[in-house]
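Kindly produce the complete structure, drawing on both the sequences and the hints.
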Amino acid sequence: MNKSELINEMAKNLNSKKEAEACLDSLLGAITQGLKKGDKVTLTGFGTFKVAKRKARTGRNPRTGEKIKIKARKVPQFTVGKALKTAVE
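Numbering (this note's numbering), first residue to last: -17 to 71.
Calculated directly from the structure, the hints in this document are not laboratory data.
Watch out, some of these pointers could steer you wrong.
[Unchecked claim] The list that follows gives simulated cross-link-like pairs (lysine to aspartate or glutamate, DMTMM-like), each with its CA atoms no further than 25 Å apart:
#1 LYS56 to ASP7
#2 LYS(-15) to GLU1
#3 LYS32 to ASP21
#4 LYS37 to GLU(-13)
#5 LYS18 to GLU3
#6 LYS67 to GLU(-9)
#7 LYS67 to GLU1
Only a predicted model underlies this, so the values are computations on that prediction, with no experimental measurement involved.
Written as structure tokens, this is what we have:
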């Protein structure tokens, strides 16, 4: 399911595609802003979004085989909640 299909599904409950799109954009924006601040965003039963730190490491260029340095960085992570996990099983 892509974003437009998700909006169409939400529109069935909200009676307006425009309202569904605004709602989804608002949710995604709030999650993004929370992660930018370094906060955890927990949706009980669904899961938790958080920012993890990756250490600097040495990698390899697959084309040349040359070793390269990969900088440390922050990456978003998602941990599945119990209700979602059991719903998928």
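Evaluated hints:
1. LYS56 to ASP7: Within the cut-off at roughly 23 Å; holds.
2. LYS(-15) to GLU1: Between LYS(-15) and GLU1 the Cα gap is close to 14 Å, so the pair holds against 25 Å.
3. LYS32 to ASP21: holds (7 Å)
4. LYS37 to GLU(-13): Not OK: LYS37 and GLU(-13) at ~37 Å, beyond 25 Å, violated.
5. LYS18 to GLU3: Distance of about 22 Å is within 25 Å: holds.
6. LYS67 to GLU(-9): holds (21 Å)
7. LYS67 to GLU1: Outside the cut-off at roughly 29 Å; violated.
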